[in-house]
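Engineer: Okay, here's what each chain looks like letter by letter:
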Amino acid sequence: MPRPITPDDIEALAVGAWILGTGGGGSPYLGLLNMRRLYAGGHRVSLMSPLDLADEDWVAVVSNMGAPLIGQERLADSRGIARAVEIQEGLLGARFRAVMSLEIGGGNGIQPLMAAAHLGLPVVDADTMGRAYPEAQMTSVAVGDLCPYPCVLHDPRGIEAVVSRVPSWKWMERVSRKICVELGSIASTCKAPRTGREVKDWGIHFTLSKAIAIGRRVREGQRRHEDPVAAILDEGGGKLLFRGKVVDVARRTSEGYLRGRAVMDGLDEDRGARLEIAFQNEWVVAWRDGAPVAMSPDLICVLGTQSGEAFGTETIGYGRRVSVIALPAPPVFLTPKGLEHVGPRAFGYDLDFRSVFD
Amino acid sequence: MRRIGIDVGGTNTDAVLLEDGRVVHAVKTPTTPEVTSGIVTALAELGRRREVARGAIDGVVIGTTHFVNAVVERRDLARVAAVRIGLPASASLPPFCDWPAELAEHVCGETFMLEGGHDYDGRPIVPFDERGMLRVARRIRASGIRSVAIAAIFSPLDPGCEERARAILAGECPDASVTLSHYLGRIGLLERENAALLNAALTGLARRTVAGFIAAIAASGIEAPLYLTQNDGTVMQAETAAALPVMSFASGPTNSMRGAAFLSGLTDAMVIDVGGTTTDIGQLRRGFPREANAAVEIGGVRTLFRMPDLLSIGLGGGSLVTADPIGVGPASVGYRLADESVVFGGNRLTATDIAVGAGIARIGDSRAVAALPRDLVHAALEEVRAKIEDAVDRMKPDAREQPLIAVGGGAFLVPDRLAGISRVLQVPHGSCANAVGAAIAQISGETDRIYHDLSREEAIAAAEAQATERAVAAGADRSSLQTVDIEDMPLAYLPGSALRVRVRVAGEMAKSRPPAPARAPRPGFAAACREGEGAV
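Residue numbers (the numbering used here), protein chains in the order written: chain A, 1 to 358; chain B, 1001 to 1536.
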């Protein structure tokens, strides 16, 4: 049975989704504002378990695609994402049973709630990344070789585009990215529809409630002046990798990505040690004194040691006191096929994946 | 060159006379509730000195926290009509959408949303709805609201829609005072719009206050133009300041940092300003404070515009000291230091008492603290050091050692040696560095834009050219302009090599200034933008 999502859940989701964004995914702030307004206007959204879907149900997978900076000017509009779902429904010729997030990490963690509020549909407690990733083929449904098309892109000017057929997820990434750029580098998208069976087999389950639970623990920790980082580790089954302060950040863009490295010097028990984390929009690989200690698909999260809130790769700078933690990767990414899509080599690092949790 | 600098703080009004780069005289008087009489008193004190009376004054420069206090205290705020240009984008998050409810109730008059605005690459989102703007202008005229804020999507890249909206409004409602969001800068629609809304709410108060300042100067028998300092450490002409009060929000700490640069002769250093209750730490880069890159909340409203990057900690001369466990601040006796601290005969142990007890400050009666346990004095000073060391390190741009300039009334609390700091400088007149900073202020221009398919060097050069034009339009002498800040940030997911560049230039006031009507603070810039597009 779907359960209601409370206003407090949404506040917690904004904090938790930003942490699961592993440095990228864009801030959930504008999505949060949209939801506050929708709830103030009487809208309500409920959350359903993926296990309660019937095999033949249809689920809409949504995300806001584009550059976070553009979103800060054009602002996320809740009706845009709802409209993308409606267009996809027209192509499908069937009604959607529920809406689901493509990526729980960052701003897209809240997008399905915005669509669901307008459409009166429940949100499925699942996504296809369990975090944030930069590209269309970096999802559980791509690892499962599920059909990558059609993908709908919507723009508030009334432009509606459909990528109706592509030979692979990588082609979907290339073609849809080109359209997105033409629309002003931001678009509301509804990805290829998924059946209930597919979501049960290939969705990453219970990530929305995980984000809410993590966000709630951080907010409680802040209120009670307890250690919010310890609460996140406890809630997410994570491991503390390092405590220190940022001493250097180098950024550059290449091929449309924000790439670079952040270097941290240890404090407390890690005094004398140095951690270096490479990023491509999100944190990808961490080395401690030159030896790799954590890598994608394990989640690397850089948190404010005091606040427990996440630092993004776009904004982190010298002097920040940070706690670097790892959270376990979704199992679907730990298979050889999964690692092909999102392992260190998918990001150009010639490393064999070794989990923090082995 | 003879200038008077005045800093109106929460507790004291400081005034200095600066002559050819030398502090001739400095006075400190209590700040008065209505601000201007404190200035009259300070000017009168200065005027009693022979050095001041002799010869003309070239300018009076005032830094004030009056306007930001009005927002924080929710007083003297006008009702504002908000005009957002950007539909069909941004529709679900209208103006005022993230304001504290009681403040929005106070300030929100009417909100309007119209089609228009631009994309990041300069293309219009859709054509600007000029007929809709005409209807809005008539509605505003009928409503009686005379403070208007106009914000268009990506207006820092192309201010055309905002300029056109103002022209249409002026046709219907010539007496409205209008704030255009692109004057205030940064990319980030809601935050920039919020700054414009706050500014519009303050323009009435700003006009009255500036008129009061001018009257106070005249009453003191000084014939000199008035300037107000702004957040970046440069000045605005009085007419511009009356139109852009938010630009003075952080002028207090900024002036302290500028004054520290002047008094120490350093242009690149960390600055620590120790007051009675709080300590502000910032970084000087080419003589100016480094600017904040993230949203800054003012009175509960998220804003993003030219503000110094500051860290404030609860430590000052009046900070209360506890013994077990050892603690210094954040609680403070504040302005009651002269009554309640031990060296002044009170019974509350403050950081000042500790400093006097340790022999590093000579204030009040040192015999009153002679009996303080040595280990308590030592532990409290260590606590102060730890707090300062940590806060200074957080504000450093990188790991390299830098000098630290200590100013403010509590500067004696800053230890001579700190980790990561090459040397600590205590400067003469450091306790009125803020007024010195006001007196030496220059004029600046800034730009924040996205450039495509240019090399990094070309993009920065283009930004410098635009910032220079803005500074000249604001009254700067072109030949004296120097670039004081460059920040560039490659952008993820934008095609080509997209680079966001922010540049600021600053220089001396021009001898003959171009006229600057109060409602058009940047006529030169507006004209320059229209040139490329043909007649608008």
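No wet-lab data here; the hints were simulated from the structure. Just to be clear, a hint being listed does not mean it is correct.
Sample of chain B residues lacking proximity to chain A, with all beta carbon distances greater than 10 Å (derived) [unchecked claim]:
| id | residue |
| --- | --- |
| 1 | Pro1030 |
| 2 | Gly1055 |
| 3 | Gly1086 |
| 4 | Ser1090 |
| 5 | Asp1119 |
| 6 | Gly1132 |
| 7 | Ser1143 |
| 8 | Gly1188 |
| 9 | Arg1367 |
| 10 | Val1424 |
| 11 | Thr1468 |
| 12 | Arg1500 |
Straight-line C-alpha distance at most 20 Å; calculated EDC-like pairs for lysine to aspartate or glutamate [what the hints assert, rightly or not]:
| id | chain 1 | residue 1 | chain 2 | residue 2 |
| --- | --- | --- | --- | --- |
| 13 | B | Lys1396 | B | Glu1464 |
| 14 | B | Lys1396 | A | Asp8 |
| 15 | B | Lys1396 | A | Glu314 |
Where a beta carbon is used, it is the ideal one built from N, C-alpha and C, also for glycine.
Engineer: Hint by hint, say whether it matches the structure.
Structural biologist: Checked hints:
1. Pro1030: holds (37 Å)
2. Gly1055: At roughly 47 Å from the nearest Cβ of chain A, Gly1055(B) sits farther out than 10 Å, so the non-interface label holds.
3. Gly1086: The assertion about Gly1086(B) is violated, with a minimum of 7 Å to chain A.
4. Ser1090: violated (4 Å)
5. Asp1119: Its Cβ does come within 10 Å of chain A, the nearest being 4 Å, so this is violated.
6. Gly1132: holds (16 Å)
7. Ser1143: Answer for Ser1143(B): holds, closest chain A Cβ roughly 24 Å.
8. Gly1188: violated (5 Å)
9. Arg1367: With a cut-off of 10 Å, Arg1367(B) remains clear of chain A, as the shortest Cβ separation is near 40 Å.
10. Val1424: holds (19 Å)
11. Thr1468: holds (25 Å)
12. Arg1500: violated (7 Å)
13. Lys1396(B) - Glu1464(B): violated (26 Å)
14. Lys1396(B) - Asp8(A): violated (37 Å)
15. Lys1396(B) - Glu314(A): Holds: Lys1396(B) and Glu314(A) sit about 19 Å apart, inside 20 Å.
Of the numbered hints given earlier, the model fails hints 3, 4, 5, 8, 12, 13 and 14; all others are met.
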